[in-house]
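A.B. asks: Read off the chains here:
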Amino acid sequence: EAGVAQSPRYKIIEKRQSVAFWCNPISGHATLYWYQQILGQGPKLLIQFQNNGVVDDSQLPKDRFSAERLKGVDSTLKIQPAKLEDSAVYLCASSLEPTGALTGELFFGEGSRLTVL
Amino acid sequence: KQEVTQIPAALSVPEGENLVLNCSFTDSAIYNLQWFRQDPGKGLTSLLLIQSSQREQTSGRLNASLDKSSGRSTLYIAASQPGDSATYLCAVIIGDYKLSFGAGTTVTVRA
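Here the protein sequences come in this chain order: F and B. Numbered by the numbering used here, the letters in the first sequence go through residues 236 to 352 in order. Numbered by the numbering used here, the letters in the second sequence go through residues 28 to 138 in order.
Everything labelled a hint here was simulated from the structure, so no lab data went into it. Predicted, not measured: the structure shown is a model, and the values here were computed from it. Be careful, since some hints might not be right.
[What the hints assert, rightly or not] In silico PhoX-like cross-links for lysine-lysine, where the CA-CA straight-line distance does not exceed 25 Å:
| # | chain 1 | residue 1 | chain 2 | residue 2 |
| --- | --- | --- | --- | --- |
| 1 | F | Lys250 | B | Lys125 |
| 2 | F | Lys297 | F | Lys318 |
| 3 | F | Lys313 | F | Lys279 |
| 4 | F | Lys306 | B | Lys125 |
| 5 | F | Lys250 | F | Lys279 |
| 6 | F | Lys250 | B | Lys28 |
| 7 | F | Lys306 | F | Lys250 |
| 8 | F | Lys279 | F | Lys297 |
| 9 | B | Lys95 | F | Lys313 |
| 10 | F | Lys250 | B | Lys95 |
| 11 | F | Lys318 | F | Lys246 |
| 12 | B | Lys28 | F | Lys279 |
| 13 | F | Lys297 | B | Lys95 |
| 14 | F | Lys297 | B | Lys125 |
| 15 | B | Lys69 | F | Lys246 |
| 16 | F | Lys318 | F | Lys279 |
| 17 | B | Lys28 | B | Lys69 |
[To be verified] Derived coverage of chain B by chain F (criterion: at least 3 residues anywhere in the stretch with Cβ under 8 Å from a Cβ of chain F; other residues may be distant):
| # | segment |
| --- | --- |
| 18 | 44-50 |
| 19 | 67-74 |
| 20 | 128-136 |
Even glycine gets a Cβ: it sits at the ideal position worked out from N, Cα and C.
Next comes chain B alone, as it looks inside the complex (with noise of 0.2 Å):
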């Protein structure tokens, strides 16, 4: 069964420090990989997907890695801002087209 971790569970930075957010999966077969933004009270907006065969994905501000081999994926996102904040959750999609989520990270931009 894939078990997606995401560490750390929360954290906090000063506005315009770079932000580096973790996602491990514990099976290596998955077609893709997704980073997702949730606000509070609100669904899941799509940031970055990332093909099984490709290292890394870039939109704006935020850059994704996988490196398939080791189960990681790495969600940078440069410069933040206070709007940044957010609760950010990675999700593998596996061989029946499900996504497996992880329980996210929370994160606070202070300004």
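This is chain F alone, in the form it adopts within the complex (with noise of 0.2 Å):
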């Protein structure tokens, strides 16, 4: 069964420069997540999509970030403009319900890692 695909793997870009990435979930998982991992931090949960809605989008900076997952499967997460403290790895995860962490069924990708310079 194939895992969480994302991409690109690595961005490099200048502050106040855009960028977009890229996650394709697990065939079938209804509940999507994009975490924000700084260096030397826990992930940090950005936004939690159910399908195609937003559940949980508390800790996305709206200002600059934006996701979507139109047709409830792959899910875009753009920066713009970006800043320095934006330079982090973001991680994609998906799960067959949303209580997919209480049974440890969730799943990771391998992470977009972006630098900002």
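With the hints as a guide, bring the two chains together.
C.D. replies: See below:
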């Protein structure tokens, strides 16, 4: 079974530029998460989707970050304009149901590493 | 707000030594606690999940204990190997089914 796919794996941009990350979850997984992991810190949830609806985006900096999951399958996370402090690994995860974390059925992709210069 | 702390941030041990990794959390009202492994440039892989009603969970050389009342969990890795070198993160599940992560302990096992 294919895992969670993310691209690009690495991206280097100048501050104030824009960037987009793509995630394709495990087939059939209705719940999709985007996490931000700054170097030396644990992952922080940015946004959670259930199918194509947003469940939680309370920690998403909405002035510069946006995310969508239009057809309820793959998702894109966009940053515009990027700041130096956005340098991080952006992890996508998926689960069959919103309660996937309760049963350990939450699967992570390998992440997209962003460096903002 | 739930705070999850992992100390030390890093440790280095010779091959064969047992590893003891600590995790503490401030709010004991958790559903479960999960230990993850993260290799450099990779995502997170789940190692062990302990339900709040359990005291410990074992998988091969790994054993994790949970003491909810004191807000602590410990991950033991027996007879460490160089392949165990990675960052280990603990995370707790709170009322809204969200994972709250610690910053991790980076382990180096020297051959």
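A.B. asks: Does each hint hold? Answer for all of them.
C.D. replies: Outcome of the hint check:
1. The hinted pair formed by Lys250 of chain F and Lys125 of chain B fails the criterion: a straight-line CA distance of about 31 Å is larger than 25 Å.
2. At most 25 Å may separate the alpha-carbon atoms for a hinted pair to count; Lys297 of chain F and Lys318 of chain F meet this at roughly 13 Å.
3. With a CA separation close to 16 Å, the supplied pair Lys313 of chain F and Lys279 of chain F stays within the 25 Å bound.
4. Taken as a hint, the Lys306 of chain F and Lys125 of chain B pair is honoured in the structure, with Cα atoms around 24 Å apart against an allowance of 25 Å.
5. A C-alpha spacing of about 22 Å is found between Lys250 of chain F and Lys279 of chain F, which places the hinted pair at or below 25 Å, so the restraint holds.
6. The hinted pair formed by Lys250 of chain F and Lys28 of chain B fails the criterion: a straight-line CA distance of about 32 Å is larger than 25 Å.
7. Distance check on the hinted pair: Lys306 of chain F and Lys250 of chain F sit about 31 Å apart at the alpha-carbon level, beyond 25 Å; violated.
8. The hinted pair formed by Lys279 of chain F and Lys297 of chain F meets the criterion: a straight-line CA distance of about 15 Å does not exceed 25 Å.
9. In summary, the hint linking Lys95 of chain B to Lys313 of chain F is not supported, as the alpha carbons are separated by about 39 Å, beyond the 25 Å threshold.
10. Among the hinted pairs, Lys250 of chain F with Lys95 of chain B is inconsistent with the structure: their alpha-carbon atoms are about 44 Å apart, more than 25 Å.
11. Proposed proximity of Lys318 of chain F and Lys246 of chain F is supported: the alpha carbons are some 14 Å apart, at most 25 Å.
12. Taken as a hint, the Lys28 of chain B and Lys279 of chain F pair is honoured in the structure, with Cα atoms around 14 Å apart against an allowance of 25 Å.
13. The suggested pairing of Lys297 of chain F with Lys95 of chain B is violated, with an alpha-carbon distance near 35 Å, which exceeds 25 Å.
14. Of the supplied pair hints, the one linking Lys297 of chain F and Lys125 of chain B holds, its CA atoms being roughly 20 Å apart against a limit of 25 Å.
15. For the given pair, Lys69 of chain B sits about 15 Å from Lys246 of chain F by alpha-carbon distance, which is consistent with the 25 Å threshold.
16. For a cut-off of 25 Å, the pair hint linking Lys318 of chain F to Lys279 of chain F stands: about 17 Å separates their Cα positions.
17. Under the criterion of a C-alpha separation no larger than 25 Å, the hint pairing Lys28 of chain B with Lys69 of chain B is inconsistent with the structure, at around 28 Å.
18. Residues of the segment 44-50 of chain B lying with their CB closer than 8 Å to a CB of chain F number 0, which falls below the three-residue condition for coverage.
19. For a cut-off of 8 Å, the count of residues in the segment 67-74 of chain B with a CB near a CB of chain F stands at 6, and the three-residue condition holds.
20. Proximity of the segment 128-136 of chain B to chain F, defined as three or more residues with a beta carbon under 8 Å from a beta carbon of that chain, is established by the 4 residues found.
Violated hints, listed in ascending order, are 1, 6, 7, 9, 10, 13, 17, 18; each of the other numbered hints is respected by the structure.
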